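For the sequence shown, position 175 (counting from the first letter as 1) is numbered 175 according to full-length UniProt numbering, and the numbering increases by one without interruption.
If you're looking for bench data, these hints aren't it; they were derived computationally from the structure.
On a predicted model such as this, the values are computed, not experimentally measured, just so you know.
Built from N, CA and C at the ideal position, the CB exists for glycine as well.
Hints may contain errors.
As the list claims (entries may be wrong) - The calculated DSBU-like cross-link candidates involving lysine-lysine, where the alpha carbons are at most 35 Å apart (straight line), are:
(1) Lys198 to Lys69
(2) Lys242 to Lys69
(3) Lys156 to Lys198
(4) Lys198 to Lys295
(5) Lys183 to Lys232
(6) Lys148 to Lys272
(7) Lys295 to Lys119
(8) Lys252 to Lys242
(9) Lys39 to Lys232
(10) Lys69 to Lys108
(11) Lys76 to Lys108
(12) Lys198 to Lys214
(13) Lys295 to Lys39
(14) Lys119 to Lys156
(15) Lys148 to Lys87
(16) Lys198 to Lys87
(17) Lys119 to Lys131
(18) Lys87 to Lys108
(19) Lys119 to Lys148
(20) Lys272 to Lys242
(21) Lys103 to Lys131
(22) Lys214 to Lys131
(23) Lys156 to Lys295
(24) Lys252 to Lys232
(25) Lys148 to Lys76
(26) Lys148 to Lys183
(27) Lys11 to Lys156
(28) Lys139 to Lys156
(29) Lys139 to Lys272
(30) Lys108 to Lys119
(31) Lys103 to Lys272
(32) Lys214 to Lys183
Unchecked claim - Pairwise CB distance ranges, derived in the manner of DEER restraints:
(33) Gln199 to Asp236: 17 to 23 Å
(34) Val238 to Pro293: 30 to 36 Å
(35) His41 to Val265: 47 to 53 Å
(36) Ala74 to Lys103: 33 to 39 Å
(37) Glu46 to Pro26: 19 to 25 Å
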Amino acid sequence: MATESQSTDSKYDQYDFPTTAPEAQPGHPGHTSPEQDAKVHQLRAELEKLGYTERLDTLTLLRFLRARKFDVEAAKTMFTASEAWRKEFGTDDLARNFDYPEKEEVFKFYPQYYHKTDKDGRPVYIEKLGKIDLNQMYKITTADRMLKNLVCEYEKLADPRLPACSRKAGKLLETCCTVMDLKGVGITSVPSVYGYVKQASDISQNHYPERLGKLYLINAPWGFSSVFSAVKGFLDPVTVSKIHVLGSGYQKELLSQVPAENLPVEFGGSCKCEGGCELSDMGPWQEAEWARPPKWATPKEEAPKEAAEPVVQNEDPGYVKKDAEGQEGAQTSA
Numbered sequence: 001m002a003t004e005s006q007s008t009d010s011k012y013d014q015y016d017f018p019t020t021a022p023e024a025q026p027g028h029p030g031h032t033s034p035e036q037d038a039k040v041h042q043l044r045a046e047l048e049k050l051g052y053t054e055r056l057d058t059l060t061l062l063r064f065l066r067a068r069k070f071d072v073e074a075a076k077t078m079f080t081a082s083e084a085w086r087k088e089f090g091t092d093d094l095a096r097n098f099d100y101p102e103k104e105e106v107f108k109f110y111p112q113y114y115h116k117t118d119k120d121g122r123p124v125y126i127e128k129l130g131k132i133d134l135n136q137m138y139k140i141t142t143a144d145r146m147l148k149n150l151v152c153e154y155e156k157l158a159d160p161r162l163p164a165c166s167r168k169a170g171k172l173l174e175t176c177c178t179v180m181d182l183k184g185v186g187i188t189s190v191p192s193v194y195g196y197v198k199q200a201s202d203i204s205q206n207h208y209p210e211r212l213g214k215l216y217l218i219n220a221p222w223g224f225s226s227v228f229s230a231v232k233g234f235l236d237p238v239t240v241s242k243i244h245v246l247g248s249g250y251q252k253e254l255l256s257q258v259p260a261e262n263l264p265v266e267f268g269g270s271c272k273c274e275g276g277c278e279l280s281d282m283g284p285w286q287e288a289e290w291a292r293p294p295k296w297a298t299p300k301e302e303a304p305k306e307a308a309e310p311v312v313q314n315e316d317p318g319y320v321k322k323d324a325e326g327q328e329g330a331q332t333s334a
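The task is simple: from the sequences and hints, build the whole structure.
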């Protein structure tokens, strides 16, 4: 039987946002069983023996364990491979140092951006696949720089976007609501973009697990639903339940998940950000009440040795503060 809140580790679990998932799904934060808690401790201990000291917090380890059905050895393999990739790719410095001045020009051929939140409070991520023109894009940038920008945005999703959304919603949010616009995508355009899209997909699956909340494929071309139906049998049922394939009449279903005021006008919403929604990056992470400086913004050598006492807005009942000795303090009410 799941516990109301998973056991925590005062050395790594320094959160300043709610840590209980809103839905009581097995293996999710706040809804773990004693056996699952034990596997978190086992995975952490084995990774520590290998010399790892970063990203060993409970929420991160739970995501890797869920991605591998709580098989500790498989999760350890996934985690260590991801850490090797991070080192090779230079991930830890990207969010702080990567400059992408060509972004506005690139977006003319491949818009991909975060924009406000859905009705559950999650960040909305939008891609317009039909406008991809790699030949034009590679006159402006390179595939390597595009992937670096993608990774940079994933890092910013983890911090500050999701923490800000969690604070505002008063509950833990770990996933996105993704909208992929397939308008204009044809069979002839697939080969030219397959290589990049596959690399981007591999990065998402292998290094940023459990980040998909809902996926809306809108303006799906004729025959796409049939192809997807054939593919569904090979996918995890949990993943399939998150995917919604919609044709050109997608507005009603999409608006049932994303408030009209948060959805750009071109998709049937009413949002018209000054300067365009694609480049606005609007969301709770831009709102002073919920935003906090991301941890990666402070160089490691300048980071304080002792974590400051967390301050949580709209704290959830599953969030337990800890004092300097790592002892549990009083829980605050939601």
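Going through the hints against the structure:
This hinted pair checks out: Lys198 and Lys69 have alpha carbons roughly 24 Å apart, not beyond 35 Å. Distance check on the hinted pair: Lys242 and Lys69 sit about 17 Å apart at the alpha-carbon level, within 35 Å; holds. About 21 Å separates the Cα atoms of Lys156 and Lys198, which keeps this hinted pair within 35 Å; it holds. The hinted pair formed by Lys198 and Lys295 meets the criterion: a straight-line CA distance of about 30 Å does not exceed 35 Å.
Only pairs whose Cα atoms come within 35 Å are accepted, and Lys183 paired with Lys232 is accepted, the gap being roughly 22 Å. This hinted pair checks out: Lys148 and Lys272 have alpha carbons roughly 28 Å apart, not beyond 35 Å. The suggested pairing of Lys295 with Lys119 holds, with an alpha-carbon distance near 27 Å, which does not exceed 35 Å. The suggested pairing of Lys252 with Lys242 holds, with an alpha-carbon distance near 17 Å, which does not exceed 35 Å.
The hinted pair formed by Lys39 and Lys232 meets the criterion: a straight-line CA distance of about 30 Å does not exceed 35 Å. A hinted pair counts as satisfied when its Cα atoms are at most 35 Å apart, and Lys69 with Lys108 does not qualify at roughly 40 Å. With a CA separation close to 40 Å, the supplied pair Lys76 and Lys108 exceeds the 35 Å bound. Restraint check for Lys198 and Lys214: satisfied, since their Cα atoms lie roughly 20 Å apart, inside the 35 Å limit.
In summary, the hint linking Lys295 to Lys39 is supported, as the alpha carbons are separated by about 27 Å, within the 35 Å threshold. Under the criterion of a C-alpha separation no larger than 35 Å, the hint pairing Lys119 with Lys156 is consistent with the structure, at around 21 Å. Under the criterion of a C-alpha separation no larger than 35 Å, the hint pairing Lys148 with Lys87 is consistent with the structure, at around 13 Å. Proximity of Lys198 to Lys87 is assessed by CA-CA distance (about 21 Å); at most 35 Å being required, the pair is judged to hold.
Straight-line distance between C-alpha atoms of Lys119 and Lys131 comes to about 27 Å, which keeps the hinted pair within the 35 Å bound. Of the pairs offered as hints, the one joining Lys87 and Lys108 holds, with about 31 Å between alpha carbons and a cut-off of 35 Å not exceeded. Among the hinted pairs, Lys119 with Lys148 is consistent with the structure: their alpha-carbon atoms are about 30 Å apart, no more than 35 Å. A hinted pair counts as satisfied when its Cα atoms are at most 35 Å apart, and Lys272 with Lys242 qualifies at roughly 28 Å.
About 15 Å separates the Cα atoms of Lys103 and Lys131, which keeps this hinted pair within 35 Å; it holds. Between Lys214 and Lys131 the alpha-carbon distance is near 22 Å, which keeps this suggested pair within the 35 Å criterion. Restraint check for Lys156 and Lys295: satisfied, since their Cα atoms lie roughly 10 Å apart, inside the 35 Å limit. Straight-line distance between C-alpha atoms of Lys252 and Lys232 comes to about 24 Å, which keeps the hinted pair within the 35 Å bound.
The straight-line distance between the Cα atoms of Lys148 and Lys76 is roughly 25 Å, inside the 35 Å bound, and the hint therefore holds. Restraint check for Lys148 and Lys183: satisfied, since their Cα atoms lie roughly 26 Å apart, inside the 35 Å limit. Pair hint Lys11 plus Lys156 holds up; C-alpha atoms about 23 Å apart against a cutoff of 35 Å. For the hint pairing Lys139 with Lys156, the CA-to-CA distance comes to about 27 Å; that is within 35 Å, so the pair holds.
At most 35 Å may separate the alpha-carbon atoms for a hinted pair to count; Lys139 and Lys272 meet this at roughly 30 Å. With a CA separation close to 28 Å, the supplied pair Lys108 and Lys119 stays within the 35 Å bound. For the suggested pair Lys103 and Lys272, the alpha carbons sit about 20 Å apart, so the restraint of at most 35 Å is met. Between the alpha carbons of Lys214 and Lys183 the distance comes to roughly 19 Å, so the proposed pair stays at or under 35 Å and holds.
Remark: the range hint 17 to 23 Å for Gln199 to Asp236 is upheld by a beta-carbon distance near 21 Å. As the Cβ distance of Val238 to Pro293 is approximately 34 Å, the hint placing it in 30 to 36 Å holds. Range check, His41 to Val265: about 49 Å between beta-carbon atoms, so the 47 to 53 Å window is met. Evaluation of the 33 to 39 Å hint for Ala74 and Lys103 yields a pass: the beta carbon distance comes to about 37 Å.
Between Glu46 and Pro26 the CB atoms are about 22 Å apart, so this pair conforms to the stated range of 19 to 25 Å.
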